[in-house]
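Chemist: The primary structure of each chain is shown beneath.
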Amino acid sequence: MSAQPPATPGRLDLSGRQYAHVDYDEKERLFEEVKGDLRFDEYLYGCYECGICVASCPSARFYDFSPRKIAQTMAREDVDLFYVFLNDSVWDCSQCFSCDVCPRKNSPGGVITVMREVAVKNGLASAAEALEGYGRVVYKIMSTGTQVSPDMLSANAFPDWGPHVEEIAKNLDVWRRALPPETMHTTETSWQVDDKTIIELYLIWHMTGVMDMIKEVDEGLFMILQDVMEEKLEDAGYDVSFD
Amino acid sequence: MSERPVLVIGGGPAGMEAAKGIAEIGYKAVLVEKRNVLGGTPELANYAALTPDFRDAGEAMAEMAAAVDGDPNVEVVLGSTVTASAGSAGDFKVTVKNSREARELDVGAVVIATGFQHFDPGRETQQYGYYEYDDVLTLVDLEKMLKAGKVVRPSNGEPPKRLCFIQCVGSRDRQIGNEYCSKVCCGVAAKQSIEVRKLVSDCKVFIFYIDMRMYGYWEPEIYWPSQEEYKVNYVKGIATDIRQKNGRLLVRGEDTTMGRPMEVPMDMVVLSVGMEPSAGTREMAKVFGAKQNKYNFIETIDGALNTVSTTVPGVFACGAAVGPADIEDSISSAAAAAMKACAVVRKASMAAG
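Those sequence lines, one after another, are chains S and E.
In short: position in the first sequence from 1, add 379, done, that's this note's numbering.
In short: position in the second sequence from 1, add 2, done, that's this note's numbering.
Careful, some of the hints might be misleading.
Looking from chain S toward chain E, a few residues come up when the C-beta cut is under 8 Å (computed) [stated by the list, open to error]: (1) 424; (2) 425; (3) 455; (4) 500; (5) 501.
Cut-off 30 Å, straight-line C-alpha distance, at most; resulting in silico cross-link-like pairs (DSSO-like, lysine-lysine) [what the hints assert, rightly or not]: (6) E:238 x S:414; (7) S:406 x E:233; (8) E:238 x S:406; (9) S:484 x E:185; (10) E:233 x S:500; (11) E:238 x S:484; (12) S:406 x E:200; (13) S:414 x E:206; (14) E:233 x S:484; (15) E:233 x S:414; (16) S:484 x E:206; (17) E:185 x E:152; (18) S:414 x S:594; (19) E:206 x S:406.
What the hints contain is simulated information worked out from the structure, not anything from laboratory work.
By construction, the Cβ of each residue, glycine as well, lies at the ideal position given by its N, Cα and C atoms.
Assemble the whole structure, with the sequences as input and the hints as a guide.
Modeler: Written out as structure tokens, the structure reads:
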């Protein structure tokens, strides 16, 4: 995230110019929450600081991002540096797990997964900011069970796809019907999702705490999803309250 | 004629193992030790536990000593030194002196097992203030504390909250002249870091290193456990100096893998001092005319394929007399030296008919 414009007040910045004061105890609490995760001990053993994870990391080629530094910061129990990474670097990871090549069998990507979850669960402003651009995608996945749908295609949304996108978008329905599988004759979703599936998905989002996480980072999105889900769930005979 | 004995010089792990080996083959050994006790440096320097298996050092040395002490094929000569030698392979006449008398011995072969001494961090340079600050110690000093079962700051008797090791003190250093790696200090520091963490559970322990040399099984035996179970921090970067500030030691260096300078307070600093040839090793090289290398260890010939033969036929050297060695290495080379020494004695005996 180093390529971003100067930090706004209250936002953490790796360059050290702008720090919102956070008590050490609070940083330590978050650190312990990461370390206390069931998966943590299998994601981090000890770090040789050899750099094989950085060498294999696609994000490291584009960002000032080092899975090695995250692994060694956790291994060394450097609480202050952990907090800096928790607010910034963890969002530069593409979660591809190329770093799993580690000779110590560490998974820096896995450590980052846990750190992201802790950042989100604790409603860190940096997490909300990092996820801001994904609201539309999250809404689509969580409400329909499919990701990028045909009707999201518009020239201004994806300029890099070229001018023909506009042409296709005009007669989207026709283009979709030209596809052989009937399940893909859809425009609002990537493919047909039956009600049983969607109800199960809603229940999963609900029961695994995903809705709570959404509530922490994006209250507005939470409320929209809540409306969509509650109606369908009630129709299906489920009494689910999201409070 | 009957076979002449093999003279083994030095009553440490290598000398004891060589003497025991010679006796087991069925030949005679005379084991000469300068001090009045067997056990060598592990005994002299109060080693608590051996690297890497944490075996009680005193118990291990006592076991080795008992094996040679009770063997009719081994004559143990304590409080004595070898002062002169004449003759050649198969027929050496050596002089062994103690405080009262000199003895002439006819021996067929010689095994020099006179070992090393720990590098004195105050000798060449005061870089780390070993003689200046009470809380700057060496591995040897800490080992003594570990043997006593109590790790405290010498300055105030309090247990340390932060302790660091600085590796390669007196080793791999062109400034000092010791360009070689002392082989054992990485393992010893890792072993001691675990022991410190066991004794002082709230003490943060750091190891500042250039490379960690944890060959073979030391990796899973001490390196990984120290880092993974005992949370010892390994930081690649050597301290440049130590200062005293507000009753603590301030260690300055670079955290190289994090790419930042480092200035960290410590309660205790342990210098991982390396090995140098002992006075005995240097003297025996002179007495027998065995060539020494540029670091004054005894030189072996034929490189990797012969680790114990010196430039003098019939004179062998083993253990840390030929260069830095841990106990496992010393035991192995002692056995090789014993075998070759017995071969010389047997050959001479057969030639004499």
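Chemist: The structure should be examined with respect to each hint, and the outcome stated for every one.
Modeler: Status of each hint after checking the structure:
Taken as an interface hint, residue 424 of chain S checks out: its beta carbon lies about 5 Å from the nearest beta carbon of chain E, inside 8 Å. Nearest Cβ of chain E to the Cβ of residue 425 of chain S: about 4 Å, under the 8 Å cut. The hint holds. Hint status for residue 455 of chain S relative to chain E: holds, with the closest Cβ pair at about 5 Å, below 8 Å. Among the interface hints, the one on residue 500 of chain S is violated; its C-beta lies about 25 Å from the nearest C-beta in chain E, farther than the 8 Å criterion.
Interface hint at residue 501 of chain S: violated, since its Cβ lies 24 Å from the closest Cβ of chain E, which is beyond the 8 Å cut-off. With a CA separation close to 24 Å, the supplied pair residue 238 of chain E and residue 414 of chain S stays within the 30 Å bound. Of the pairs offered as hints, the one joining residue 406 of chain S and residue 233 of chain E holds, with about 19 Å between alpha carbons and a cut-off of 30 Å not exceeded. Between residue 238 of chain E and residue 406 of chain S the alpha-carbon distance is near 25 Å, which keeps this suggested pair within the 30 Å criterion.
This hinted pair checks out: residue 484 of chain S and residue 185 of chain E have alpha carbons roughly 27 Å apart, not beyond 30 Å. The suggested pairing of residue 233 of chain E with residue 500 of chain S holds, with an alpha-carbon distance near 27 Å, which does not exceed 30 Å. A distance of roughly 20 Å separates the Cα atoms of residue 238 of chain E and residue 484 of chain S; the hinted pair therefore holds under the 30 Å criterion. Of the supplied pair hints, the one linking residue 406 of chain S and residue 200 of chain E holds, its CA atoms being roughly 27 Å apart against a limit of 30 Å.
Proposed proximity of residue 414 of chain S and residue 206 of chain E is supported: the alpha carbons are some 18 Å apart, at most 30 Å. Annotation: proposed proximity of residue 233 of chain E to residue 484 of chain S holds, straight-line Cα distance about 17 Å (limit 30 Å). Restraint check for residue 233 of chain E and residue 414 of chain S: satisfied, since their Cα atoms lie roughly 13 Å apart, inside the 30 Å limit. For the suggested pair residue 484 of chain S and residue 206 of chain E, the alpha carbons sit about 25 Å apart, so the restraint of at most 30 Å is met.
Restraint check for residue 185 of chain E and residue 152 of chain E: satisfied, since their Cα atoms lie roughly 27 Å apart, inside the 30 Å limit. Among the hinted pairs, residue 414 of chain S with residue 594 of chain S is consistent with the structure: their alpha-carbon atoms are about 24 Å apart, no more than 30 Å. Restraint check: the Cα-Cα separation between residue 206 of chain E and residue 406 of chain S comes to about 18 Å, which is no more than 30 Å; the hinted pair holds.
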